[in-house]
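**Student:** Got chain A sorted already, so can you dock chain B onto it with the hints?
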Amino acid sequence: MVATEKPDSYQVVGTRPIRHDGTDKVTGRAGYGADYQAAGMLFGRVLRSPHAHARIKSIDTSKAEALEGVRGVITNADFPQPDDSQVEIGEGATTSARWMLDNVLAGEKVLYTGHAVAAVAAIDPHVAEDALDLIEVEYEVLEPVMDVREAMDENAPVLHEFLRTEQIASAFGGGEMVGAKPTNVAKFLEFKAGDADAGFEEADVVVEREFTTTMAHQGYIEPHNGSAFYNKDGHVTIWSSTQGAFGVRDMTAGLLQVPVSQVTCEPVEIGGGFGGKIGIYLEPLAALLSKQTGKPVKFTMTRQAVLEATGPTSGTYMRVKVGAKNDGTLTAAHVYLVFEAGAYPGSPMGAGAMCALAPYQVPNAHVEGYDVVLNKPKVAAYRAPGAPASEYAVESVMDEVAQQLELDPMDFRLKNAAVEGSRRPDGAVYGVIGNEEVMEVVKSSEHYRSELQGENRGRGVAMGFWFNVGMESSAYASVNADGTVSLSLGSADIGGTRASIAMQLAETLGIAAEDVKPQVVDTDSVGYTMVTGGSRTTFAGGWAAYESAMDIRRQLEERAAAIWDVDREQVSYGDGGVTGPADDDGNERSMTFKELAGQLAGSGGMIQGRADVNSMEAGPAFAGHIVDVEVDPETGKVDILRYTAVQDAGTAIHPSYVEGQIQGGVAQGVGMALTEEYFYDDDGRMLNSSLLDYRMPTALDLPMIETHIVEVPNPGHPYGVRGVGEVPIVPPAPAIANAIADAIGLRMRDLPMSPRAMLEELLPDED
Amino acid sequence: MTDRMIVSATINGEPLEFLADQRDSLLEALRERIGLTGTKEGCNDGNCGACSVLMDGRLVNSCLVMAAEVEGADVTTVEGLATEDGLIPLQQAFLEEAALQCGICTPGFLVAAKALLDANPNPTEYEARYWLAGNLCRCTGYDKIIRAVLKAAEA
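Keeping their order, the protein sequence lines are chains A and B. Here the first sequence stands for residues 1 to 767, numbered as in this note's numbering. Here the second sequence stands for residues 768 to 922, numbered as in this note's numbering.
With the rest of the complex left out, here is chain A:
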């Protein structure tokens, strides 16, 4: 643990410099994965399953291979076949190597529409597309399972004959197999605090409700891509827009069954991820086809495939029951969660379960959750995975409890707010958190206190919680003779983290942010760095930058002592330079960082700082949102009139990018709440796999999003940073649902609250 410095002493932290990579990104110069070009490069395309559930009887690629311009065709059988070992896939999650390969290219069965079946490399993208039509696949079509509750039925068609239910006690860690029969229920999680039954007995008011949510996609504007060159010496170089270059290296090496040292991931820019660009889809295909053809191979994914075969977060079925006394004190809660995992196990049910009641002190709680496979794409992490669904259900019920008790919704929340020392129902005990502070700012805000007038208008509030994670990051900082520092990082920069990390190095050295040159480097040029995810990059990357700056400071003190010929202990670094004992004339010795940097070459050589940090804890994040809506009773459309988001950032390193994360999270949450959903027909085909029909918010759908950054410094970070990226997606859906209830008295318990869903409730039954 390290002490938090006093915020008002900061020179760089809290300012808003222009991001270092900005010019490249407004001039078109920045190189994203799909921008990779090389002489002789081949273009890859993927054949995908038209069926949601089918056994692959045969694949005949001979006609495709014979097409002029085609250089290679591969199927699952061309990969070395893995054993059932577990592999790390980032943020503590694991999967089996078999499932990972089968999701990259289907093995015995296709398990969702869009499941990759074969891949082609050709000299021209159009030729590669033509070749896909020449691949002949014979399927034995099986009955698909598309509803998560039907999938749990013991008579439901089973996706994986070998799958048995595993009982786990926490989202993080394994458990034991409890099921004897083949099943679609991959995991069952249960934890209890106190005695829930007794708690409900004590309650004066008990509210129990059912909720559903549909799958929702991260919706990054850049489709997945993956390019590779397999050299004659066996070395594989990969260009891939990914949140975690080291993860892509490790997973691709795993599927190719080569040592990690044989794979290098080049740093390329990434066009949005939100959790959906942690796994691998195209990289192994490019690598294997490059091995076969001897040429670099580039894959880019279609938007249809992005929606049908990557990403989404789980659809859910949930039941929440909350009991409280007349004075508003919570007595008990029961949370029951069923999460769609998609085709392979691994939904964020566990995180959803642990987050569900997190903003509150609930003396008696019973939480249970199920992770269930069905014939939809394998889910991936999506911004605070699991929390938007479970907290939507809980925050909707909390609002109803407050309403029944005739309490102000914020007074009710404040009365039960989790504080330092509170124990979450899953057992975790909070350190210093800003939950109450956020609630107070919501309650005292001008928005909350203002009067909302007009017909069909209403106001809603909701809280949100996310853990945030720490984990491994590295930094390498090299002092230049002109008084600047070149900073090498391993974290993909999705939203301004070059700047936020460089600023922490600048603060520590007492130099300007502009005098740090941050760059993201390849996986052979910096120490192991985990994914840009878990709201961890500014936290852990900044910590590594701080430690590398402290390393530089120690070396500069030694060097100054040598130059001045004084004892090392007499020299100290502070305020952007070194100071030493007075010379013989009584003048204090000092050199600025820049002056000393200029003397390094002639006094023993240049110096570098380096650091690896690995924090198993980060500062939890809390958010509170206020929204005003207007419901059009004729069309069912819900308009957002005003939106305010309050969030504890710990310390906001670059406030503009903290605000940006909050605003972006709100926008995604609004999409989840109002318009974004997956439509499937009875055969399991997705009906809205385009950005016209998968309806994400546009500029016209949103107002300006007001932000209030609360700063309760995290004592577990040198600059008090908490993660900020994920939690803002959590409160929007329940805040909007609560606002709709306030506007027209209608409680919407299924997401999205689209015009169609609203009209189904608003229009009189026709029969």
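Hints are computed from structural coordinates only; laboratory data are not their basis. Any given hint might turn out to be false.
Result set (SDA-like, lysine to any residue): computed pairs, CA atoms no more than 20 Å apart in a straight line [as the list claims (entries may be wrong)]:
| # | chain 1 | residue 1 | chain 2 | residue 2 |
| --- | --- | --- | --- | --- |
| 1 | A | K637 | B | A900 |
| 2 | B | K918 | A | T27 |
| 3 | B | K918 | A | I18 |
| 4 | B | K918 | A | P17 |
| 5 | B | K918 | A | R16 |
| 6 | A | K295 | B | Y897 |
| 7 | A | K637 | B | Y897 |
| 8 | A | K517 | B | L862 |
| 9 | B | K918 | A | K637 |
Quick caveat, the model's predicted, so the values are computed rather than measured.
**Tutor:** Just chain B now, with coordinates in the frame of chain A:
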């Protein structure tokens, strides 16, 4: 084998001849034949605006224009916005207002916003939101983008 054709156009002020497949969209030609990769592909069906370019001064989705259609046309991409004097006010405002996070939609937004300000030098917030509704951004919630466009309009 595929059918190739020579297309003559002016790209970012420079006369250029390039070889295109008859099936190439302007987006494919820009990125894969000419090497101007600043224009991005987000959906390839005209719904995200990441591939926005100006064709004879008109805002188009380059994924919906055939390469052959730009014969004789004047095309401006994001690479053609900055001048010898440096960034244009829109680009500068995007930097100062932190109007980009991942940056993948930024080229399309800049080109679309350029077209907006060319047509309407002083848009209201609503006009800017309406004009830019064809460009999707998933990172920013649009707040800072709209502020940057309105700031550039004042410059």
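**Student:** Now tell me if each hint is right for this structure.
**Tutor:** Here is what the structure says about each hint:
1. With a CA separation close to 17 Å, the supplied pair K637 (chain A) and A900 (chain B) stays within the 20 Å bound.
2. This hinted pair checks out: K918 (chain B) and T27 (chain A) have alpha carbons roughly 19 Å apart, not beyond 20 Å.
3. For the given pair, K918 (chain B) sits about 16 Å from I18 (chain A) by alpha-carbon distance, which is consistent with the 20 Å threshold.
4. Restraint check: the Cα-Cα separation between K918 (chain B) and P17 (chain A) comes to about 18 Å, which is no more than 20 Å; the hinted pair holds.
5. This hinted pair checks out: K918 (chain B) and R16 (chain A) have alpha carbons roughly 17 Å apart, not beyond 20 Å.
6. Between K295 (chain A) and Y897 (chain B), the direct Cα distance comes to roughly 46 Å. Violation of the 20 Å bound is thereby established for this hinted pair.
7. Under the criterion of a C-alpha separation no larger than 20 Å, the hint pairing K637 (chain A) with Y897 (chain B) is consistent with the structure, at around 18 Å.
8. Under the criterion of a C-alpha separation no larger than 20 Å, the hint pairing K517 (chain A) with L862 (chain B) is consistent with the structure, at around 17 Å.
9. As the CA atoms of K918 (chain B) and K637 (chain A) are separated by approximately 31 Å, the hinted pair breaks the 20 Å bound.
When the structure is compared with the earlier hints, violations turn up for hints 6, 9 and for no others.
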